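**Q** Heads up: the sequence lines are chains A and B, in that order.
In terms of the working numbering, the first sequence opens at residue 1 and continues consecutively.
In terms of the working numbering, the second sequence opens at residue 1 and continues consecutively.
Since the hints were derived computationally from the structure, they do not count as laboratory data.
There's no promise every hint is true.
[Said to hold, decoys possible] Cut-off 30 Å, straight-line C-alpha distance, at most; resulting in silico cross-link-like pairs (DSS-like, lysine-lysine):
no., chain 1, residue 1, chain 2, residue 2
1, A, 403, B, 2
2, A, 403, B, 85
3, B, 85, B, 2
Owing to the predicted nature of the structure, the values given are computational and were not obtained by experimental measurement.
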Amino acid sequence: MDVRSRDYADLARTIIEDTPGVRKAVSGATAAFDAARRRAYAEIDAEAWRRWAEGVKNHVLTHLDQYLEEAEARLQENGAKVHWAGNAQEARHIVAELAQARGVRSVVKGKSMLTEEIELNPALEERGIHVYETDLGEYILQLLDEAPSHILGPAIHRSLEDVQALFADRLGTAADALPDDLAAAARTELRARFQEADMGVSGGNFLVAETGTLALIENEGNIRLTTSLPRIHVALVGIEKLLPTFGDLAGFLQLTARAGTGQAIGCFVSLIQGPATAPGDDGPEEVHIVLVDNGRTDVLADEHAWETLRCVRCGACLNTCPVYKQTGGHAYGWVYSGPIGAVLDPGLLGLEQTAPLPFASSLCGACFDACPVRIPIPDLLLHWRRAAQARGLTPLSERAGLKAFTAMATRPALYRYLGRVGPRLAGSSLFRRLPVLSGWTEHREPPEPSPRRFRDLWSEGIGE
Amino acid sequence: MKVALFVTCLADHYFAEAAADAVRLLRHLGCEVSFPNTQTCCGQPAHNAGMAEEALKMAEHTSGVLKDAEHVVVPSGSCAAMITKAYPALGLGNGPSSRTWELGAFVRRHLDIASLGRGLEGRSVAYHQGCHALRELGLETESIELLEGAGAHVVDWPSATECCGFGGLFSTKMPPVSTAMADAKLDSLPQVDWVVSGDPGCLLQLSSRARRTGNDLRFRHLASVLWEAADGRA
Ligand code: SF4
Numbered sequence: 001m002d003v004r005s006r007d008y009a010d011l012a013r014t015i016i017e018d019t020p021g022v023r024k025a026v027s028g029a030t031a032a033f034d035a036a037r038r039r040a041y042a043e044i045d046a047e048a049w050r051r052w053a054e055g056v057k058n059h060v061l062t063h064l065d066q067y068l069e070e071a072e073a074r075l076q077e078n079g080a081k082v083h084w085a086g087n088a089q090e091a092r093h094i095v096a097e098l099a100q101a102r103g104v105r106s107v108v109k110g111k112s113m114l115t116e117e118i119e120l121n122p123a124l125e126e127r128g129i130h131v132y133e134t135d136l137g138e139y140i141l142q143l144l145d146e147a148p149s150h151i152l153g154p155a156i157h158r159s160l161e162d163v164q165a166l167f168a169d170r171l172g173t174a175a176d177a178l179p180d181d182l183a184a185a186a187r188t189e190l191r192a193r194f195q196e197a198d199m200g201v202s203g204g205n206f207l208v209a210e211t212g213t214l215a216l217i218e219n220e221g222n223i224r225l226t227t228s229l230p231r232i233h234v235a236l237v238g239i240e241k242l243l244p245t246f247g248d249l250a251g252f253l254q255l256t257a258r259a260g261t262g263q264a265i266g267c268f269v270s271l272i273q274g275p276a277t278a279p280g281d282d283g284p285e286e287v288h289i290v291l292v293d294n295g296r297t298d299v300l301a302d303e304h305a306w307e308t309l310r311c312v313r314c315g316a317c318l319n320t321c322p323v324y325k326q327t328g329g330h331a332y333g334w335v336y337s338g339p340i341g342a343v344l345d346p347g348l349l350g351l352e353q354t355a356p357l358p359f360a361s362s363l364c365g366a367c368f369d370a371c372p373v374r375i376p377i378p379d380l381l382l383h384w385r386r387a388a389q390a391r392g393l394t395p396l397s398e399r400a401g402l403k404a405f406t407a408m409a410t411r412p413a414l415y416r417y418l419g420r421v422g423p424r425l426a427g428s429s430l431f432r433r434l435p436v437l438s439g440w441t442e443h444r445e446p447p448e449p450s451p452r453r454f455r456d457l458w459s460e461g462i463g464e
Numbered sequence: 001m002k003v004a005l006f007v008t009c010l011a012d013h014y015f016a017e018a019a020a021d022a023v024r025l026l027r028h029l030g031c032e033v034s035f036p037n038t039q040t041c042c043g044q045p046a047h048n049a050g051m052a053e054e055a056l057k058m059a060e061h062t063s064g065v066l067k068d069a070e071h072v073v074v075p076s077g078s079c080a081a082m083i084t085k086a087y088p089a090l091g092l093g094n095g096p097s098s099r100t101w102e103l104g105a106f107v108r109r110h111l112d113i114a115s116l117g118r119g120l121e122g123r124s125v126a127y128h129q130g131c132h133a134l135r136e137l138g139l140e141t142e143s144i145e146l147l148e149g150a151g152a153h154v155v156d157w158p159s160a161t162e163c164c165g166f167g168g169l170f171s172t173k174m175p176p177v178s179t180a181m182a183d184a185k186l187d188s189l190p191q192v193d194w195v196v197s198g199d200p201g202c203l204l205q206l207s208s209r210a211r212r213t214g215n216d217l218r219f220r221h222l223a224s225v226l227w228e229a230a231d232g233r234a
């Protein structure tokens with residue numbers, strides 16, 4: 001996926017002005033998720049759970065080398081093969097080579113943001129291997145040739161009517177088919193794909209170092225099939241996904257489900273230790289775990305941004321974000337969107353490509369309250385803003401304006417003098433032409449200045 | 001009790017009467033109010049824009065202005081949060097942070113006043129919770145208790161705690177997103193006499209957008225409404 005984050009403002013404008021249905025669909029779906037999350041948090045001592053989870057993740061991230069080695073050893077004992085990918089290209093290469101060497105012609109996939117991040121599908125298709133998305137949302141997007149717009153609900157920007165029209169056209173369902181019928185049609189279609197697939201590709205929510213267990217949470221059952229039916233299972237897992245113990249996993253499975261969908265636990269939790277060991281056993285013949293860095297160790301080395309690596313990709317921050325709600329994820333121009341995308345993308349891709357994202361926030365702070373691992377997203381937005389300003393990645397007029405304002409506002413006499421006239425220019429044509437101010441008046445009336453400033457009222461004496 | 005008013009740049013220029021009402025209210029409640037004349041802006045615009053050096057200069061200036069104040073009262077939750085939360089993070093831990101209050105919180109919590117009078121009897125009000133007051137200062141009920149204590153009916157507004165989309169510079173950098181956020185709030189608003197908020201920035205955002213879309217709602221700063229509650233005058 002081409003990185004288009006530099007165009008955030010334009011992408012957002014186009015979505016809001018040209019496709020009002022997106023705002024409606026995203027607002028509605030996220031509001032439902034967010035309400036479910038609030039209810040689910042209220043049932044537990046959410047603050048205590050969040051602090052616990054933050055602590056576990058911090059511990060893992062500060063002992064990452066040790067846990068990665070432990071996980072690799074356990075996975076190998078379990079019969080799984082472990083691969084290390086330093087970047088996206090290496091990860092793609094590993095999977096494509098595995099597939100080609102084993103004569104794989106067809107791959108089924110469970111939803112995985114990491115495979116979007118490393119652009120796996122085109123790499124497989126280039127080699128003549130068919131790739132089928134089996135998550136319902138991802139399946140819809142594959143038919144539409146669109147990118148996901150939400151970590152958890154990839155097709156959240158599409159309405160029921162959109163899907164009815166798509167399926168009527170492609171699967172022959174009735175134009176007014178109910179959601180259950182649409183799901184049934186997709187299921188029939190996908191059954192055949194599952195049966196013919198030689199390889200299943202998944203992500204991974206957690207990887208337990210103590211036991212070498214890969215854990216996957218889902219609600220549709222497609223991941224269970226993807227990881228158990230084909231003869232080869234390949235899981236792509238970010239190196240930050242580790243948990244020390246099986247007990248930690250028990251906590252994270254619950255907290256992640258509560259945060260993401262408001263469930264006490266996902267409908268399906270798959271715990272994968274390794275391949276089938278004896279003839280006749282269930283499960284794939286081969287299990288490969290590809291541990292992917294792709295910029296994560298750089299993020300880990302950043303004294304502020306490393307906290308983003310606690311992220312469990314639950315989507316709670318997107319669901320509660322009033323900025324994300326207006327556009328959905330496509331405005332952010334890359335795989336990870338919303339509050340977490342605004343602080344993770346600069347770390348993974350570099351600020352040059354992503355500089356507007358940390359500014360795509362009103363700093364309302366709702367994301368922090370929702371995040372199950374207490375990532376201080378508002379602080380990190382400021383961190384990236386400071387870096388963007390220091391490196392000159394923001395408009396010069398903005399920096400010059402703030403410097404001028406500071407110069408004025410640290411000289412009280414000058415401030416008092418200019419303050420007498422400044423706000424009165426607000427209604428004038430000059431006001432409408434200054435770049436910062438035209439941004440205000442394009443969609444709003446100019447603010448109405450008070451007839452007299454407070455400090456004038458004060459010096460004249462404020463009667464009781 | 002001695003109180004210094006930190007009026008904020010926005011209230012000074014756009015909500016001057018409301019700031020004057022804050023002075024009237026505080027005096028009515030027995031406070032001796034001063035206005036340190038060299039005050040300007042708390043520095044939040046620079047801080048939120050990521051202009052670290054400028055933010056620090058402004059914070060140092062304001063800390064100096066307020067250094068002798070026993071209590072600082074601010075008719076803005078956002079600027080109060082800047083002084084109490086961001087100044088220590090900028091390394092000004094011994095500044096005015098621990099002595100600074102948002103107006104509603106000062107009256108309700110510090111002065112411990114539950115009812116200012118019955119001046120709002122029969123009024124229906126939507127209260128917009130400013131994000132920084134709500135999430136950084138943890139002020140959720142203070143102002144509402146004062147409004148209700150004076151007889152106002154504070155309506156159930158589904159998006160009361162959602163951001164209005166102001167966000168300082170954000171409002172001019174990303175105008176379509178910012179105004180879509182304001183619309184989301186305004187569209188969910190029940191029938192009320194006034195929309196009240198303790199934050200000048202939010203009031204500017206919501207009222208300017210409402211006027212542009214032909215909505216004649218009345219927006220009022222908390223200070224004026226609380227003074228009316230105490231004084232009984234409209
Ligand atoms: S940042 Fe927090 S809330 Fe957002 S997706 Fe990650 S874990 Fe979930």
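**Q** If a hint holds in the structure, say so; if it doesn't, say that too.
**A** Structure-based check of all given hints:
no., hint, in the structure
1, A:403 - B:2, "violated (34 Å)"
2, A:403 - B:85, "holds (23 Å)"
3, B:85 - B:2, "holds (22 Å)"
When held up to the earlier numbered hints, the structure conflicts with hint 1 and nothing else.
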